[in-house]
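**Q** Go ahead and model the full structure; you've got the sequences and the hints to work with.
2 protein chains.
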Amino acid sequence: MNRSVVFAALICAAASLAPISRVTIADETPLYGFSAESSRTERQWEDKFRAIPKPENLRAYMQQLTARPHNVGSPYDKANAEWILAKYKAFGLDAHIEVFDVLFPTPKERLVELVEGGPHFVAKLQEPAIPQDPTSNQQSEQLPTYNAYSADGDVTGPLVYVNYGIPEDYEELERRRVSVKGAIVISRYGNAWRGIKPKVAAEHGAIGCIIYSDPRDDGFSPGETFPQGPYRPKDGVQRGSVQDSGEFMGDPLTPGVGATPDAKRLPIKDAPTITKIPVLPLSYADAQPLLAAIAGPVAPPSWRGSLPLTYRIGPGPGKVHLKVFANWDIKRLYDVIAKIPGSTYPDEWVIRGNHHDAWVNGAEDPISGQVAMLEQARATAELVKAGWKPKRTIIFCSWDGEEPGLLGSTEWVETHAEELRQHTVAYINSDSTGRGFFSAEGSHSLEKFINDVARDVHDPETGLTVWKRMQLQQIAHPEGKDDRDEARNRPDLRIGALGGGSDYGPFLNIIGIASLDISFGGETGGGIYHSIYDDFYWYTHFSDTDFSYGRTLSETGGIATMRLADGDLLPFDFSDYADTLQMYVRELKKFAKEQREEVTERNLKIAEGAFTASADPKEKYVVPAKQEIPPYLNFAPLENSVESVVLSAQEYSKALAKANEHGGVAVAGTSSAEINRMLIDSERKLITPEGIPGRPGYKHELYAPGEYTGYEAKAIPAVREAMEQKHWKLAEDGIVRVAKLLSDEAALISSAAEKLSAAK
Amino acid sequence: MNRSVVFAALICAAASLAPISRVTIADETPLYGFSAESSRTERQWEDKFRAIPKPENLRAYMQQLTARPHNVGSPYDKANAEWILAKYKAFGLDAHIEVFDVLFPTPKERLVELVEGGPHFVAKLQEPAIPQDPTSNQQSEQLPTYNAYSADGDVTGPLVYVNYGIPEDYEELERRRVSVKGAIVISRYGNAWRGIKPKVAAEHGAIGCIIYSDPRDDGFSPGETFPQGPYRPKDGVQRGSVQDSGEFMGDPLTPGVGATPDAKRLPIKDAPTITKIPVLPLSYADAQPLLAAIAGPVAPPSWRGSLPLTYRIGPGPGKVHLKVFANWDIKRLYDVIAKIPGSTYPDEWVIRGNHHDAWVNGAEDPISGQVAMLEQARATAELVKAGWKPKRTIIFCSWDGEEPGLLGSTEWVETHAEELRQHTVAYINSDSTGRGFFSAEGSHSLEKFINDVARDVHDPETGLTVWKRMQLQQIAHPEGKDDRDEARNRPDLRIGALGGGSDYGPFLNIIGIASLDISFGGETGGGIYHSIYDDFYWYTHFSDTDFSYGRTLSETGGIATMRLADGDLLPFDFSDYADTLQMYVRELKKFAKEQREEVTERNLKIAEGAFTASADPKEKYVVPAKQEIPPYLNFAPLENSVESVVLSAQEYSKALAKANEHGGVAVAGTSSAEINRMLIDSERKLITPEGIPGRPGYKHELYAPGEYTGYEAKAIPAVREAMEQKHWKLAEDGIVRVAKLLSDEAALISSAAEKLSAAK
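Chains as they are written, first to last, in this note's numbering: chain A, 1 to 760; chain B, 1 to 760.
Errors might be hidden in some of the hints.
As the list makes no split between identical chains, a pair holds if one copy fits it or if it spans any two.
[Said to hold, decoys possible] Using 30 Å as the maximum straight-line C-alpha spacing, the simulated DSSO-like pairs for lysine-lysine come out as follows:
| # | residue 1 | residue 2 |
| --- | --- | --- |
| 1 | 481 | 620 |
| 2 | 234 | 54 |
| 3 | 481 | 590 |
| 4 | 54 | 755 |
| 5 | 339 | 699 |
| 6 | 48 | 593 |
| 7 | 87 | 54 |
| 8 | 481 | 593 |
| 9 | 654 | 323 |
| 10 | 87 | 331 |
| 11 | 323 | 740 |
| 12 | 593 | 699 |
| 13 | 54 | 620 |
| 14 | 658 | 78 |
| 15 | 481 | 618 |
| 16 | 124 | 234 |
| 17 | 658 | 108 |
| 18 | 264 | 108 |
| 19 | 323 | 124 |
| 20 | 234 | 618 |
Hints in this document: simulated from the structure, not taken from any laboratory.
**A** Right, here's the structure in full:
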């Protein structure tokens with residue numbers, strides 16, 4: 001399809017304000033990767049599919065799956081897996097459960113006690129039941145509030161408030177001459193994967209770490225608290241894993257290999273991802289007396305939360321006794337795997353996944369996404385019964401053990417690595433979902449594809465396509481003028497890169513499988529994340545209460561899965577991809593320039609005496625030390641290789657356009673199989689088998705969760721993070737290595753284009 | 001002095017980090033406006049002067065003047081005036097008291113009561129005494145907490161929270177479909193002159209207005225509260241005037257004329273500056289139950305304060321009964337005026353002023369500045385006794401009635417308008433002052449002058465000159481990169497324009513007298529403003545506790561006054577001035593461009609349906625209406641006239657440089673008198689006698705307090721505010737009128753340059 005045509009169509013649609021009718025587009029242009037004829041057939045099946053998913057089914061599944069706490073190792077976790085298995089089978093799918101045995105610590109002893117510097121206080125560490133919420137009183141089955149994979153420990157030390165506890169917060173502490181050596185840090189949740197907080201604290205010499213939910217972030221400040229509203233009540237606690245997952249994902253005892261019952265395991269003391277210091281999460285009711293016992297410098301404005309006190313940094317005088325001991329048990333995971341075999345290319349797999357384990361009852365996280373996927377599976381199975389024969393194999397995966405650290409998916413991927421490398425076309429993930437705007441993140445070779453899917457699904461609230469609504473949202477509330485203009489003018493909406501935090505991780509970062517993560521949200525705030533209040537009562541009162549968005553997620557996931565399974569050519573596109581690569585290189589160069597300017601400017605200020613002169617002599621203050629100015633880096637290899645990707649992408653687009661003029665390549669089955677193999681390999685090419693430097697579990701050279709962000713993605717991480725950590729040699733090496741991968745990638749795309757041109 | 005020389009000197013000083021020695025500069029270059037010989041003499045007198053002011057004197061004066069509440073109309077206000085008079089006389093000055101009779105309402109009845117939508121609650125409206133603070137218990141003499149010039153009224157209505165209550169907050173309300181019609185608004189203090197809040201509320205149909213101090217702004221959030229720390233305790237209340245001073249300053253009953261005992265007065269009902277609706281201020285303890293009784297949409301993040309509740313907008317269900325009645329009495333003001341006659345040009349006056357009235361005991365506001373000025377007067381008088389003969393007349397003014405609305409200064413200026421127009425060279429104001437960085441705002445013809453003064457005064461904490469410390473502060477903590485570069489590279493630090501809020505107002509805006517406002521601060525936060533806790537105890541515990549900065553203000557004010565009084569040529573400079581005019585025109589053009597772009601973009605979003613599509617259908621939301629795109633304005637007249645000012649300023653600089661080569665113009669007394677007359681007139685030229693459109697009390701065409709900001713200055717206000725209010729015709733007229741004034745200004749400067757070149 002010609003891009004300027006698409007663009008013109010969008011502008012007209014925008015001007016007329018009419019929801020784009022799916023049919024209008026449908027009948028004009030063949031689906032990307034389909035011939036005119038196969039496209040017509042596909043659309044007919046898709047229309048049948050759309051009619052099947054029912055909100056009331058999602059509601060019923062959720063009620064079942066959230067009826068009791070179902071964390072890893074609990075009876076109801078296993079029961080849920082068996083129920084899901086029975087469902088898949090009832091739908092008519094070939095399904096089984098696959099088990100893994102993983103390290104999953106649960107609390108044995110927990111204590112937070114203010115022993116000095118304020119009235120003696122012992123934290124409650126308990127979320128109370130709420131009368132109108134019928135599952136909140138299942139106390140005997142609820143996991144106590146804790147952070148999994150915290151080191152055991154019994155420590156006492158003065159408190160230091162460290163804001164979000166990320167590296168830049170420690171720079172601020174240093175400027176104020178506050179050290180956390182020998183201290184227990186108290187950090188608020190937010191702004192990074194929670195495992196970053198104890199990691200950075202330990203790196204700076206802290207002996208313990210408390211993480212609490214500040215009401216400014218998800219409590220009474222953004223809205224009414226539960227049960228009157230959706231936000232975190234004063235005793236609500238965010239549980240969660242604090243694995244140091246910077247090097248590896250998955251079971252701490254089996255890095256790199258599947259945690260099958262007979263796998264070789266590390267001794268616990270050698271497990272690389274367990275924290276160095278004890279960690280415990282608190283509610284804001286429990287945190288308040290501790291924060292009130294901190295004196296020292298007043299926290300800067302952006303550090304101040306919503307508790308009615310002066311946020312100060314410390315250290316002390318408040319001194320805390322923190323005790324954390326766990327039962328370090330091995331627990332069994334139950335992954336449920338269901339299959340629909342492909343008719344034409346059974347060895348090409350399209351995988352769709354969502355986890356089923358939770359911290360407690362987990363209605364939003366993860367059952368909202370799980371039930372959408374289940375209903376997608378039911379609808380897909382219905383189609384099969386009605387005669388639909390997907391060309392490729394479709395696999396549904398209901399993962400266990402995501403919460404502790406992507407255990408169920410990672411161990412399965414590690415166990416089946418070779419097959420997956422060989423067979424997998426793409427992985428589509430979902431997890432928590434709500435009401436509002438469509439969101440997609442993922443591999444940029446699938447950017448065009450998921451934009452096309454979103455153009456063919458309608459938003460239940462507005463009747464617009466979910467694509468249109470997402471575009472208008474980005475226009476109405478952009479992060480900046482450039483983003484707004486891009487949303488308005490770029491044919492496809494740019495999707496974000498995948499970072500960390502859900503089960504796409506092992507697919508993308510270990511094997512190099514093109515992946516997507518999809519959801520709806522933005523109209524459902526809340527503060528019940530990882531608490532006992534994330535349950536059916538909460539979800540049906542404050543989130544997607546009528547499951548209309550859940551149904552739409554079934555539809556979106558379904559259409560995406562069907563198209564990937566049925567396309568004559570796989571819908572990989574390299575134009576958007578090349579465009580994003582160009583952006584990444586621009587960003588790296590901009591970052592290099594900013595780093596140089598920042599150090600130069602800071603050194604100048606030091607020489608001028610600006611820091612000394614402007615500091616209040618009555619306050620403690622450290623003049624920063626002069627730093628070496630970052631060297632100029634040679635980005636040329638990267639620029640050249642990206643240029644070659646741009647050119648090869650153009651070749652591929654041209655070849656595809658030509659093929660379409662002649663009715664597509666579907667006529668020549670062999671050629672298309674060969675080209676599809678190349679397309680699949682295009683993501684594998686981005687893998688460095690030994691992993692990016694220092695991070696052997698992360699092998700993808702375009703995307704990784706940041707080592708010091710955890711959730712947030714870093715693009716071209718080997719270069720970016722080396723620059724952030726001022727390892728210039730590593731950065732230069734990374735440039736060369738990534739450039740080489742991208743040159744190979746360009747060659748592969750050119751070959752695919754050539755094959756496509758030659759196909760008849 | 002050659003500018004590039006100055007600049008090079010600064011860079012060296014910066015690099016060496018050594019405090020600039022005053023002597024080094026002193027002996028090299030004559031003071032601006034002085035011949036080499038008169039400069040030497042002047043510097044000798046200045047050195048003698050510097051040695052005189054003593055911190056212990058400032059402390060003793062403050063203890064005396066803050067011993068009891070001394071608001072307008074109180075016995076101690078009169079007693080203070082008499083004490084100050086006696087001091088001036090004791091110093092040896094020719095001093096007298098001048099009285100005016102002004103409208104000054106005081107509370108008769110005050111009630112804030114929550115009558116619906118929450119537990120019945122009656123606001124305390126009372127600041128408690130604090131044991132260790134010896135003056136906080138003088139309850140019988142303390143003015144109750146109130147807002148002077150509030151309309152009388154007894155109203156009941158639902159509450160609406162309006163954030164700071166400025167126009168943009170009402171735009172936000174409109175987007176959320178919340179109307180204040182018939183409601184009582186509750187606004188927090190800050191971000192504008194407090195009188196703006198009831199004004200804008202009434203314009204939108206509110207029937208009452210409550211203004212409270214949110215702890216986020218000056219309570220427990222920025223720091224420990226009084227008496228443990230300097231910030232506002234829970235029952236602390238900010239009193240203050242709520243005059244609608246957009247049209248006039250001064251006594252509401254005598255706009256435009258002096259409120260002498262026999263003046264003709266308006267009936268109170270016709271007074272233009274009294275609010276339209278009743279207003280009362282609250283502490284945060286009193287505000288909390290009211291805010292807790294508001295439901296409706298959750299306030300946006302930037303509206304949320306630090307009280308432990310969900311900030312919501314309303315309206316209601318909380319309903320408040322607000323009752324405010326005042327005693328509408330005429331009170332007597334006591335301005336104390338002291339004079340040192342000039343020896344050579346007795347008819348050229350240099351005026352130095354600071355008010356003495358307070359809301360309660362007023363140690364920081366205004367006695368901290370008053371005592372610095374008194375000590376300056378004492379030191380100046382000592383010099384005179386030692387034989388110093390200032391060429392020009394020096395007048396010290398201790399104003400009464402500043403707090404209600406610049407009454408003492410305005411009525412004096414109105415009474416003596418003709419003499420002042422004829423004789424006044426410049427007015428130097430101070431008010432509250434503290435510890436930290438030097439700050440100067442004022443007329444840009446005096447920018448170079450006050451920079452030179454600041455280069456010759458030393459900071460007590462660092463030993464740097466106050467100029468150097470101010471520069472390094474601006475480099476270390478700039479508002480943006482451009483400001484930082486300017487602070488680093490521009491020979492003089494740019495001073496801000498004068499807005500509203502202290503006694504320079506009538507001098508600058510009624511007569512067109514070049515004015516400056518000077519102070520120290522930035523290291524002394526606090527939350528006792530206009531409360532009973534702004535007293536000697538607070539100031540000596542939390543502000544300039546050793547009065548070393550107060551002494552430095554005496555020195556700075558003294559040097560500035562002496563140089564203005566003694567210069568052969570007045571130290572007016574037009575290069576900096578022209579540079580700032582160019583900046584103002586650039587800013588206006590930028591604003592015009594932004595206005596056009598903003599409306600164009602909003603209209604496009606409306607046409608695209610972006611607002612509708614991105615709104616949550618479950619929330620009330622109004623799509624904004626399309627607006628007419630602002631027309632292009634013709635800025636050419638302004639650009640041409642500013643260009644002519646630039647050229648004339650160059651001529652003047654050249655002429656002055658030439659005169660200096662020949663030993664200055666002091667030798668030719670007559671010529672310099674003529675030139676000085678022109679220099680004095682250069683500020684008068686900027687006056688439009690009938691005032692800027694709709695604001696007859698504000699006649700200066702370069703600077704005015706914003707009609708909807710109150711404190712903050714608007715540059716070229718007739719054009720700027722017309723644009724803000726979308727009165728394009730008025731804006732065009734303003735451009736033409738200001739351009740004409742500036743052309744005349746350029747001609748005057750050229751004439752002065754010509755005279756100077758001709759002088760021998």
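**Q** When the structure is checked against the list of hints, which entries are broken? Sort them ascending.
**A** Those not satisfied are hints 2, 4, 6, 9, 11, 14 and 17.
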